[in-house]
Structures are given as C-alpha cells and as structure tokens.
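Construct the complete structure from the given sequences, taking the supplied hints into account.
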Amino acid sequence: MSALVEFAEVAFGYPPAERPRARGFQLTGVSFAIEAGEVFGVIGPNSAGKTTLLRLLTRVLTPGRGEVRLDGRPLGRLAHAELARQIAVVPQEAPRPFPFSVEQLVLMGRYPHGPGRFFESGEDRALAVAAMEATGVLHLAALPLERLSGGERQRAMLARALAQQPRLLVLDEPTSHLDLRYQAETAALLRRLNVEGGMTVLLVSHDLNLAAEVCDRLLLLGDGRVARVGAPADVLRREVLETVFGCAVVVDVNPASGRPVVQVAWPDRGEPARGGEAHRSHA
Amino acid sequence: MTAGRRLALALGGLGLILLAVAAVSLFVGSAGLSPGAVARALTGRAGAESVEAIVTLHLRLPRVLAAMLAGGALAVAGVAFQGLTRNPLAEPSILGVSSGAAFGVVLAQIFGLGLSALEALGVATFAFAGALLAAVAVYSIARVPGGLSIQTLLLGGVIVGIFFTSAITVLISIVDFNRLGGVVHWLLGNLAPIPAGALALFAMLALLGFWLVLRHARELNLLALGEEAAVQLGVDAERLKRRVFLAAALLTGTVVAFTGPIGFVGLVVPHLLRGLLGQDNRLLVPTALVAGGIFLLAADTLARNVVAPAELSVGVITSFCGAPFFVYLLRTRYRASL
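Chains as they are written, first to last, in my numbering: chain A, 1 to 283; chain B, 1 to 338.
Keep in mind that the hints were calculated from the coordinates and are not lab data. Just to be clear, a hint being listed does not mean it is correct.
[Stated by the list, open to error] If we take Cβ atoms under 10 Å as the criterion, some of the chain A residues that face chain B in the derived model are:
(1) Thr58
(2) Leu83
(3) Ile87
(4) Ala88
(5) Phe100
(6) Ser101
(7) Leu105
(8) Pro115
(9) Arg125
(10) Ala126
(11) Ala130
(12) Ser257
[Stated by the list, open to error] Residues of chain B placed beyond 12 Å of chain A at every Cβ, according to the derived structure:
(13) Leu107
(14) Ile172
(15) Ala229
(16) Leu240
(17) Ala323
C-beta: ideal position from N, C-alpha, C; glycine also.
Here it is as structure tokens:
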C-alpha cells in the first residue's frame, strides 16, 4: 500500500477578522496518511477541525504551515482541474439560489475532465446517466434540485461526485439526510465502489457508529490535533473518547460486525447497565 | 434535448424577432417617410443627399445598431453580475456600477473628449475605470465571511449609486455648463446617433466583453453552486471572478460611454430568459446578447414615437418597465431570501 494523501505537520488558522471568536489555530501540526484503497474516517466533536481539514484537502484553503500531498506531490503544484479529477466531494448541503436540474448538477461533475469544452460531450452525458443510475436518481434527472427531498438531493450530489470519476471520494456527513433504507443502500454502494472499483473513500462524520462500521481506519480529531489514528477498535475506546468529547460514554460491540458501538452514558437515568464507573467519575 | 440544440433553437427564434423589430424600427419615425422611401434608401436606390437616405442611413440605422449593441451588452453584463454575486437581482444599474461609469464619462467630457473614434476610446476607458471602481466598492461593502448577502449587496449598490450621482452633480456644478451641454440629456440614457467610427469601436468593445463572459459561462454555472463547491469541481474561482468582473465592468462602461446609463435591461432580460431556458449560463449569455438587443430596440422605437415629434429618453422607458418588474420579483420570488 502507498499513501494517496499525506498531511505533513499541517497547521491552519482562520484570519482573526473572519472568525473573531475563534481561538488561535484551528489545526495545529496535523500529520496522517490515507492509503490507496482504504476507507478512512475522520471523526471528532463539532469544531474539532473536520471541515477545515476537508477544505485543506480540496485546496479551498491553503495550509499556514506544513504541506498536504497527493501521490507525494504538494497540492499547490496541481492545477485545479487536475485535483478535481483525483478528489471528489459530496458536500453536506446542496446549494439553493439557482434552481439547476439534477442532470445539470451531475453534468457539472464532468467539468474537470474537459474544462475547455463549452458543452459536455456524448461520453460525458453517458457517464452522468450511469452515475445517476448508480445512486437511484435517474428518474429525477429533469427535476430542479429545490423540488427534491433532502435525501434525494444528497444522492444527486453523490451522483455528481461519481461523475467526476475520482480516485478519492470524500463524503461530508453522508447519511445526515438519508432514511434507514437509503443509509443502507449508500453504505452498500460505497463498499461496492471501494471493493470493486478500487476507489479510496474518506468519510467525515460525527456519527461514530457509522464510521466504525464502514471505515478501515479512523482519525479522531480533538481541538485541532490528532487525538488518535488507527483501527476502529483502537480509536473508539472509552477513555480516549471521554477525554476528547468531554462526556461519559459507553462502548459496546456490535454482535453482527464485531465493530465498536458508542453511546452517551446518559446521566440521571438510574443505574446504567454498563459504563457505570464512567458515569460516576463525571458526576 | 441537449443544451446545444436548445441554444441553437432559442438563438434562431430570437434572431428572427430581432430582425422583425429592427425592420419596424427602421420603417417608423417622426420623419413620416413612406415604407417605399425607406426601402429605396436601404437598397441604395435613393440619392445620397435625399431626405430618405439621410434619415434612414444616418439617423435611424446607427440608432438601431447602437440600441442592439447597448441592450445586448447590458443584458450580458446582468447575467455576469448575477453569476458573480450569486444574486439573481444583481444588475449594472442596481449595483451602482452604471453610476460609476457615468462619473467616469462626465470626467472625460470635462477633459474635452468627444466622439471621434480615438477620443471615444478615451471616454470608454474612463467609463470602464469608473465602472470597475464602483463594482469593487459594492463588492467590498457587501462581502461577509462565506459570501455576499443579498440585502447588503442591494444596499451597497444603492449607496454607491447615490455617491457617484452626487459626484456627477458636483462636477456639473463647478464646470461651465456650456461645455457639458448634452450631459443632462445623456445622463437619462439616450441613443442619439453615434458617428460610424465610434459605433465600430462600441461594437468591438461590447463584443470583446461578451466573448470574455461567454468563455467562462460553463464555469459560472459551477460558481453558482458556491465558491467552495466550484473549487472542488476544478474551477480556479479567484481567476474566474477576476476575469468576469473585468468583463462585466467593460460591458457596463462601454454602454454608458456611448449611450448613457440605461437602467434595468440587465435585470428584465435575463429574468425572462431564465423563465424560458433555465439557469444554464451557456444558454443565457448568448441569448441575452440577442434578447437584450430586442428589448432595447423595442424600447427605443417606443421612445422615438410615443410623444413624436418630441422624443423620450430610452432610459425612461426601460426604468418604467424595470422598476415595477424589480418590485414584483422582490415581493414574490425572492421574498424568502430577504
């Protein structure tokens, strides 16, 4: 295995004018690598720096210190379109102001493959249709985005990312708008893309259990630093999580998959069945 | 139907309408020429010194061409500003960019620049600089972390517009009025015949601006998704914004230099086209060039004939159409985003 993406001592802070209340650096000296072919998860509390990390990876932001590398090359040396042929992002929210149709949105994913073209080619359109079919939005192709439900919109965004034919697929909170059936289907699709298509997947989520089920390795961010990197069972440990999240948790094992399951140890509900010690220690 | 075929169809239809409106505009007017006389002049069978030749070829024809150019350029500038600001209500006059350009033109007139081709280039340069200054001012006023808000953009436009209008008033007050004889009429926006050399320059600058916007039409679609999404899809968003900004200022400055600040064309025309063709800038930019020409040509034909033998300024007509249209959009479609 070789590293597809490397973060080397990356630090980033928003300028004080733009984030008057943010303290100092958002990320301080973050180093890790995403191997080609794996499913990698970035987890952590709100404002731990997950979104900042994603923006650094897609060159929306430039590191203050350190370097982000793709295939060993610093991102700054890649053309924008070249980077977009390698990395595609499924964002949390679809944009609103101009009502594009689903098909128009998905075709936009073809831009980096022919930035000089005025209209998309026949091949571009065929690939867009295939991507919409894969995520189950082909029947919605002609509808404007604003007429879709949250889940449909998210699957349209996923189709756009697939049309980019990336090597690394980045999902930002992928299942937040999906009901159970589509969560399952999306997870199955990701697995298929990963196993059969050899696509590397980066999942950014605060859903620890989803990350534990889907990911080969996890990166736990806490307060702008790497709290822990490793297999889900090594990262999702009670003492690690309690330090980073600052609350009492219970860690179980999913009997079906053998992966960890994390729950908050709710206070004041009588004696909890498990994790009672943790509960008391924070009371 | 693919986007390319829809574009060809729309351009064909609009082209026919443009021809029809241009024909009407050439054949009607306060001179009361018979259709036969106009046809003789157009086909070169009338004497060069005859009334019909002078009226048709030296008064009406340049005016028709100027109206088509100005309307097309303003509509394309509207599409460009709307794409840049991701605000469907943005438009050169609403953003105060026209006022900035007008300030530049008045300044150029004080320096004595007229409408010979070379001097017109100087006037257009001043107008371009003024437009750019105003656009940068509005943009900096409205910019907040994470984008531009609709309200501050509109307010910023109003304020920048008032500032430059006041600055024009100051200039007019301190300079000998006779040197600026035509300025008041010009400030209302009018399409008085332009010398052939200046008209050619007008066409070149307007088409240059149009071509620059057209080249980036596909990228403007991606920018509509937000700057972050555009970057993630492979667009160099900073470079794109810079270029389209310059092109939109060039279009606005050029039109204001040759015809005065004509308002609302960039709002009305793109909106009608959005209703017809959707949000794809690759369809909107070329069709706006033609449809803007139709709109302003029709408005000018009305302006010439409605109170004949006197003349209204074409800017009055477009504002009478545009202002209620703006209110309608504000009260209905964009109510939620305010």
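Q) Are there hints from earlier that the structure breaks, and if so, what are their numbers? A) 10, 11, 12, 15 and 16
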